[in-house]
Amino acid sequence: MKKFIPLIITTFISITLLSLDITAKVKTSNFIGRVVFSIYYDVVEIVPRLSNLKAENQRLHKELTKLSYKNTQLKEAQLENIKLRKLLDFKQRTELEMTPAEVIGLDYGRFANSIVIDKGEDEGLSYNDPVVTYQGIVGKIIEALPTKSIVQPLYDRNCRVSVLIQKNRTFGILVWESGENLSLKGIPIYADVRENDLVISSGLGGIFPKGFNVGTVDYVTPEPTGLFLEVSVRPTADFSKLEHVLVITGAK
Amino acid sequence: MKVLRIIVVVLLFIIIQGQIVNYISFKDIKPDLVMIVLVYLSLKYGPIFGTLFGFTIGLVVDSLSPFFLGLGALCKSWIGFSVGTQQGKFFKDNPFTQAALIFVAFVVHDILYLLVYTKLNFDLFFDLFLSQTLFSALYTGVIAPLLIYLAKKIISGDDT
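Respectively, the protein sequence lines represent chains X and W.
Numbering-wise (the numbering used here), the first sequence opens with residue 1 and increments by one.
Numbering-wise (the numbering used here), the second sequence opens with residue 1 and increments by one.
Calculated from the structure, these hints are not laboratory results.
Please note that the accuracy of each hint is not assured.
[To be verified] Computed footprint of chain X on chain W; a stretch qualifies when at least three of its residues, placed anywhere within it, have a C-beta under 8 Å from a C-beta of chain X: (1) 41-53; (2) 59-65; (3) 129-140.
[Claimed, not checked] Pairs of lysine-lysine residues, derived as DSS-like cross-links and limited to a Cα-Cα distance of at most 25 Å, are as follows: (4) W:Lys-119 / X:Lys-27; (5) X:Lys-241 / X:Lys-62; (6) X:Lys-3 / W:Lys-44.
The beta-carbon is built from N, C-alpha and C at its ideal position, and this holds for glycine as well.
Turn these sequences into a full structure, and let the hints steer you where they fit.
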C-alpha cells in the first residue's frame, strides 16, 4: 500500500498542472526552468568563444536582417501605396529593436518542439517576443528565463501565425501538422495562389510584426470540401542550419 | 557516493539527449535516453523511486513546452511505478530483454501521452504513433543495452 502513496500524489499534482490555464503553466515552467535549465546550459556551454568574431558575426547578422526586412518593406510600401492613395490618413512604421542570440539547444521533446537561445530576461527578452533570422520568422519566445529563453518554433503544433500572401493580400493562418512544410489554412477556393508565392506575416494577433517573410508556397490543391485550398508552405528560415537568431523586442 | 553517481548518470543522459541526439535522429525518429534511464533506475530501485524519478524528469521535460505541463510527468511517473514493481524480475545482462522491456515501456508511455496530447483525435493519434512512436521505440531499444552498460559502469559496475 505504501508504494501507491507517491503515485497518487504525483498523479494528483500532474492532473492539477495539466488543468491550469496557459499563463499559470508558463509561470510554473519558468520557475522550473530557472532552477534546472540555467544551471544545465551553464554547464553545457563550456567551449570558449572567440568574442571578437562572435560580436562581428552578430553585428553582420543584425545588419543583414535589417536590410532584408527593409527590402520586404519597400515592396510592401509599393503595394500599400496604391491602397493609401484612396485613404485620408495612415500610421508611420516604427524602427524595430532586435537582440541577437545564439541557438544552444534544439527539440528536446518528441512531440513538442522547442529551441533554446542564450539570451533571456536580463537582456530585455520577454514572453511572446518574435524570433527571426535574416531569412524569415523562426518562432516566438514562450519562456524567458534570466539568461536563456525557450522558443516555440513554427514547427510546433501549438504555433499559429497570422499571415497573408504578399501578391494578392489574402489572409490565412499558418500551422504545422507534420513533415517539412507548413499548412496555410483558411484560403478560399477562388483565391489566386500559385507555387512560389511569398507568404509574409500579417501583423494581426499582435505578436509578429507585419511584413516578415514566413515561407513560400510549395503546392496548392483544393480541399475535399471544395470550399478552401490546401496550401503547403515551405518556411524561408532554414531550420536545419539554425545557429544565430534575432529577437524582436518592443514590437508590441 | 552512490547517489552522486546516479545523479551523474542522469545528467549525462540528459546532456546527450539535449546536445547529441538531434545529430543521430532521422526526421522525427529519435531515441529517448530519458526513457532508458527511467526504466533502468526504476527496475533497480523499485516503484517508489521509479514514481518519483519519473515524475521529476517528466516535469523537467514538460517545462520546455508548457502547453502540456504535467502530461509527461504523469506518464513517466506511471511508467516508473509499473516498471519498478518488476524490480528483481527482469534485467539480467541479456541485451534482448533490456531492449524489449524498454520498447514496451516506450510504447505504453506514448500511448498514454498521445491519447491526451491529441485530445482523442484518433487520426492524429495513429499518424503520430505510426510515424514516430514505433520507430523511435525500436531505435531506443536497440541502443539501450549499450547505454545501460555505460550507466552500470558509472554506478560502481553493478550487475543487477
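Tell me if chain X covers the stretch 59-65 of chain W under the three-residue, 8 Å CB rule, please? holds (count 7)
Please count how many residues of the stretch 129-140 of chain W have a CB within 8 Å of a CB from chain X and say whether that reaches 3. holds (count 3)
Verdict on chain X covering the stretch 41-53 of chain W, where coverage means 3 or more residues with a C-beta closer than 8 Å: holds (count 5)
Holds or violated: Lys-119 of chain W with Lys-27 of chain X, Cα cutoff 25 Å? holds, 23 Å
Straight-line alpha-carbon gap Lys-241 of chain X to Lys-62 of chain X, limit 25 Å: holds, 17 Å
Restraint check for Lys-3 of chain X with Lys-44 of chain W, where alpha carbons must lie at most 25 Å apart: Since the Cα atoms of Lys-3 of chain X and Lys-44 of chain W sit roughly 15 Å apart, the hinted pair holds (cutoff 25 Å).
Violated hints for the displayed structure: none, as all numbered hints are satisfied.
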